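J.: As a plain string of letters, each chain reads:
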Amino acid sequence: MKLGGKSENIIIPLIAVILAFLIGGVIIAALGSNPVDAVGYLVQGAFGSKTNIGATLVKVTPLIFTGLCACFAYRCGVFNLGGEGQFIMGAVTAVWVTVSWGLEGPLACAAALLLGAVAGGIWGAIPGILKVFRGLNEMIVSIMLNYVATLFMGWVYTELLRDGSVPQTFPVPDASKLGRLMPGMRATWGLVIAVLIAAGIYYFLFNTSKGFQLRAVGLNATASRYQGFNVKRYMLFSFIVSGAIAGLGGAIELVGTQFRLMSGFALGFGFDGVAIALIAQLNPLATVLVAYFFAVLRTGATTMQVGSGVPTSVIDIIQALVIIFAVAGMAFVRLPGFKQRMLNRQRGKKEE
Amino acid sequence: MKKVFTLMLVLALALSMIACAAKAPEAAPAAADKVYKVAMVCDSSISDGGWGAACYNAMITAAEAHGWETMYTDNIDVADYVSSIESYCSLGYDMIFLPGNQYSDATKEVAANYPNVMFAVLNGNDQLPTANICSILPNADQIGYLAGGLAGLMTKSNTLGFIGGMELDTTKAKLAGFEKAAKYVNPDANINVLSAYAGSFGDTAKGMELATSMIAEGADVFFGDASAVDSGARQAIDNANGSGEIKVFDIGQPADILGQNPCVICSVVTDNAGMLGLCMDDVQAGTFGNKVVYGTLENGCLSAGKINTDLVPEDVQKAYLAFVESVTKGEFK
Amino acid sequence: MESLFTWNFASEIVLSTFRMATPLLLVALAELYSERAGLVNIGLDGIMSFGALAGFMISYLTGNPFLGILAGALGGVLVNMVYAFCTVTLCAEQTVYGMALNIFAPAISAFIYRVYFGVSSTLAQATLMKTIAIPVLKDIPFIGPLLFNQTPMVYFAYLMVPFTAVFFNRTKAGLSYKSVGEYPKAAETLGINVVRQKYVACIICGLLAGIGGAYLTTCYVNTYSDGIVAGRGFIALSAVIFGHWTGSGVLMACLLFGFCDALQLKLQIISKDTPYQLFQMIPYVCTLAALAIMGAKKAGPKAKGKPYLREER
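Chains as they are written, first to last, in the numbering used here: chain P, 1 to 352; chain C, 1 to 333; chain U, 1 to 313.
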C-alpha cells in the first residue's frame, strides 16, 4: 500500500463523497426540498461568516486528534478503536487537574494537557499490553474500554466532581482556559497544536528510520521480526503514543472548548476518527483535510436544516455513506481480481 | 501530496459555486411588518413523546398565538450546543428557546456576542438572566405538591413511586415536594416514597423495569420526571393492573395526558407555551431580559389537569381540589 | 434494606433478569453465528435499531406483532447485507463496517420515524405480543409462572440455545460452518463454498439481531424511541466473548449481564446513592478480565476478523 503517488487514493474518496451526496440529494428531493439549495445552505453554514468558519475550526480540532490517534496505531498494524475512551480519559484528567488541584492560570492549563496526554497513553497501553503479552484482539478490548471510560466519566460528573443542578462537572476556571487564536472566533490554539502534531507524525513516519521500522512492522510483522525489529515494542509504543494523542485531544477539547464534562461528551468522536484516518489512507496530513471535510458537514448541517427544512439525520446518513463507499472502494481496488483485470486491460491496450 | 491539495481545492471551488448558484436566504422584510422568528435547540428528539415534544409543541403554540415563525434543531451533541445556537443567531433569528439548564453555559457564551438576539432558557437558574437572557422557571416544588397531594389521598398501600431521568435539581425538588405533600394530606399514614433514576430520558424499557420493581415493593401511585421513560413506566403499570380493576395509578406531566393510558388519574400541567408567550410579549415590547419568568399556580402557568372521575372517588376529588386551592393561596409551602 | 432477601424480591429479580436477558440473548446468538464464520460484526446496535423500527412500524400498521417480528428480521437482514457485501465480497475491514452500520442504521431509523410519524406529544403505541403459558410446565411451583408464561419470542430465544449447541457440535453442516471460521482455506479444499457460507452467516446474524431489535418494540415496550437500543448490541458482543463462543456459554453470560442490570435497578430503588455507572461497567469488566485470563489461544474462532481472499496464495 504505497501512498501519495497513486491517483486512486484521491479519486476513490472523491467518488464516495459524490455518490453519498447524490443519494442524500435524492432523499432531500423526495422530501420536497431542492437538493442544490440544501447543499448551498450547507456550504453557507460552514463558510458563510467568520463565526461559521470559526465553528468549523472548533469542530475539526478533536476530530484531527482522534483521526491521528487511529492513523498512528494503524501505521504500526494495530487497530486502536479505543480513541474515544482515551479521549475521554484525557478530558477526565484535565477536569480533575483544573478543578480540584486549586491551581489556576496557564500552568494549570499546561499541566492539564500534559497529564491528559499521559492518561490517554495509559488507557491506550491497556489494549497494547493485552495484545502484546496475551495476544488478544486489540479491537474488541479497546471497544470495551471505551464503554468503561464512558461509564467512569458518568460517575465523575454525577458524583465525584458534580456541580449542583445538572449532572455535569465544575467548569474549568477562566484563567486556566486555553487561549483563542483571535478574538471573536472560537477556535483555540488547540487547532495549531493538532496541525503541528500531524506534521510531526508525518515527519516521524516518513523521514526517520524509527518511523520506517514502525511502518515496516505495520506492513508485515513477520518479515519485520526476521529483520530483527522488536515488533512487540513497536506495537506497544504505537498504542501508547496513539492513546496519548487522543488523551491530549480530550484535554484540549475540555480546557479549550467545552470546559465541563457532561452526558454525551465525545460521543462518536472515536469512530469518526477511525473513518477519517482510513479515508485519508493513513496519511497524517490528509487526515487533517478529511477531518476538516467531516467538520464542514457537521457545522453546515444546522444551517441546511434551517434553510431547507431537512432533518439533520440526513447528514448522518450522508456521512455514513461516505464512509461505506470510500472504504468499500479502497477495498475493491485492493482485491487481487481487480488488479489482475487492470493489468490485463493495460496489456490489451499495449498489444493493440 | 500536491495532487491531494489540488483536488481538495477544486472540490472547495465546486462547492462554493454550488453555494452561489443556490438561492441566498431572502433578506428580512421591512421593519413595519416584521415577522419575528424563534428557534429551539434541543439535545433530545422532538418526537420523543416526552420532554422534547412537549417543549416543541409549546413553542409552536406560543408562536402561532403571536404570529411568529419557528424552526428547530434536535438531537444535537453536547459539543455542538454553541455552534447550533450560533448558527441561528447568524441567520437572523430574534429569539432562541433553550429547553433545559444544560444549555446555560453555551447560552452565556453566545449571548455575549449577539446582544440583539434574545435567549429564553427553560429551567435556567435565577442567576442566569442578563440583558438578553431570560430564565423560564416552572415552580418545581409546586409541581411536586400537585402530584403528591393526589397521590397521598389515593394510595392504599401508603407506598408511592417516583421515577426520575437524571438527578437534576428540578427533579429533586419535584421529588421532595411530592413526598412532602403526600405526607401532609395523609398525616396518619406512614407514607413511604420509593424513587429511582433511569439515568436516561429515552430508555423506555428501563422505565418499565423500574416501575415493575416498585409495584412489587408495593407502590400504587406513580409520578415521574423522565419523558420517554415515563411512558415505559405507565405501560408497566397497565400490565400490572391487567384487564381487571385498576389499582395502581399514574400521574402524568407536563402535558394533560388523561386518557392516554388507563392508569392515568390526573396530570400536572405546565403551560410552557404560556411562559414562552410572556417572553415573546417582552421581545415585541422591547423589554426582554434580566428577569426570571416564573411558572406558578398563582399566574396560571401551572395547573392540575383533568381528573379521571371513574377512578378517583368524589370525596377524594373534593379534598384534592381543596388542597390545590391551599397551595395556590400559598397556605401550603 | 430489610426487603433485600424476601421471596418477593428474589422472584422479581429472576423475572427481571429474564426480561433483560432475552433481547441480549437473541442478539448475542446473532453475533455467535457471525463470528463462527469468522465475521466479527460490531454493528449489532445498528441492526437492532433498524429491526426495532421495522418491527414497530409493521406491528403498528397491521396490528399483528408477529408480522412485526418478521419485518424486523427482514430489516435486519437487509441492513446486514451492506456489511456482508463489503466485508465478504470486497474483503474490507470488518470493524469499520460494523461501526458504519452503527451510524447508518440508527440515522435511517430516526429519519423514517420522523418523516412518517411527525412530531407529537405522545408516542405512537403498537400492539404488544400476548404471553402464552405452556400448559403443564406453568404449574410448577415458583419457577412455572416465572419462566413458562412468556411471549413466544422468549421461548424461541431460549430454544435457540440448545439448537445452536447441537448444530455446531453434532451436525455435519455445523462442523463445516465452524471450519469456515477456523481454517477457511482448509474448508475450501474440502469443497465448502466459503463465501456462500459467510453470506449465510450474515443472513442468520441479520435475522436474529433484527428479531432482537423487534423484540424490544413488539414484546417489551409498545413504543419506538430513538435511544431504544441503548448499547445492548455491545453488551451482546461481550456476552459472546464472555460465553466463550458456545451456545450455553452465551446463555449464561446473557443471564449474568441481565442479572447485573436487574440488580442494579433494584438496588437503586432500595438505596438511593448506588453509583449505578459502576454496575453498568460489570459486563465490560467481566469480559476484559475473562479475555485476559483466557488468553489468545482460546479466544474464539481462529480466522475471525480476517478477510478471506480466495485467490490469495
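Where hints are given, some of them may not hold.
[Said to hold, decoys possible] Below, in silico cross-link-like pairs of lysine-lysine (BS3-like), each with a Cα-Cα straight-line distance of 30 Å or less:
#1 P:Lys177 / U:Lys304
#2 P:Lys50 / C:Lys37
#3 C:Lys156 / C:Lys291
#4 P:Lys50 / C:Lys108
#5 C:Lys333 / C:Lys37
#6 U:Lys185 / P:Lys232
#7 C:Lys247 / U:Lys138
#8 P:Lys210 / U:Lys306
#9 C:Lys247 / C:Lys291
#10 C:Lys247 / C:Lys172
#11 P:Lys232 / U:Lys138
[Unchecked claim] Far from chain C, by Cβ distances over 12 Å, these chain P residues were calculated:
#12 Lys50
#13 Lys59
#14 Leu114
#15 Phe152
#16 Leu161
#17 Val166
#18 Gly211
#19 Leu219
#20 Ala221
#21 Thr222
#22 Leu261
#23 Met262
#24 Val306
[Stated by the list, open to error] If you only want the chain P side, here are some residues facing chain C, beta carbon under 10 Å, derived:
#25 Gly45
#26 Ala110
#27 Gly154
#28 Val156
#29 Arg215
#30 Thr257
#31 Gly264
#32 Thr299
#33 Thr302
#34 Thr312
Simulated from the structure, these hints should not be mistaken for lab results. Bear in mind the structure is a predicted one, so any value in this text is a computation, not a measurement. Don't be surprised by glycine CBs; every beta carbon is placed ideally from N, CA and C.
J.: Let me know if the C-beta of Val156 of chain P comes in closer than 10 Å to any C-beta of chain C, holds or violated.
T.: Not OK, violated: Val156 of chain P not within 10 Å of chain C, min 14 Å.
J.: Is Thr222 of chain P truly not at the interface, in the sense that its beta carbon sits beyond 12 Å from all beta carbons of chain C?
T.: At about 31 Å from chain C, Thr222 of chain P clears the 12 Å cut-off, so the statement holds.
J.: Given the hint that Lys333 of chain C pairs with Lys37 of chain C, test it: the Cα-Cα distance must not exceed 30 Å.
T.: Since the Cα atoms of Lys333 of chain C and Lys37 of chain C sit roughly 38 Å apart, the hinted pair is violated (cutoff 30 Å).
J.: For Leu261 of chain P, is the shortest CB-to-CB distance to chain C above 12 Å, so the non-interface label stands?
T.: Not fine: 9 Å to the nearest Cβ puts Leu261 of chain P too close to chain C.
J.: At 12 Å, judged by beta carbons, does Leu114 of chain P keep clear of chain C as stated?
T.: holds (23 Å)
J.: Go through the hint on Gly45 of chain P and say holds or violated, using the shortest Cβ distance to chain C against 10 Å.
T.: holds (6 Å)
J.: Would the non-interface assignment of Leu219 of chain P survive a Cβ cutoff of 12 Å against chain C?
T.: holds (20 Å)
J.: Taking the shortest Cβ-to-Cβ distance between Lys50 of chain P and chain C, state whether it exceeds 12 Å.
T.: Not fine: 9 Å to the nearest Cβ puts Lys50 of chain P too close to chain C.
J.: Was Leu161 of chain P rightly flagged as not at the interface, with every chain C Cβ beyond 12 Å?
T.: At roughly 14 Å from the nearest Cβ of chain C, Leu161 of chain P sits farther out than 12 Å, so the non-interface label holds.
J.: Starting from Lys210 of chain P, check that the Cα of Lys306 of chain U is at most 30 Å away, please.
T.: Distance ~28 Å between Lys210 of chain P and Lys306 of chain U Cα, so the pair holds.
J.: With a cut-off of 30 Å on the C-alpha distance, tell me whether Lys185 of chain U and Lys232 of chain P pass.
T.: holds (28 Å)
J.: Does the closest beta carbon of chain C sit nearer than 10 Å to the beta carbon of Ala110 of chain P?
T.: Cβ of Ala110 of chain P sits 23 Å from chain C, so the hint is violated.
In terms of the numbered hints stated before, the structure departs from hints 1, 3, 5, 9, 11, 12, 13, 17, 22, 23, 24, 26, 28, 29, listed from lowest to highest.
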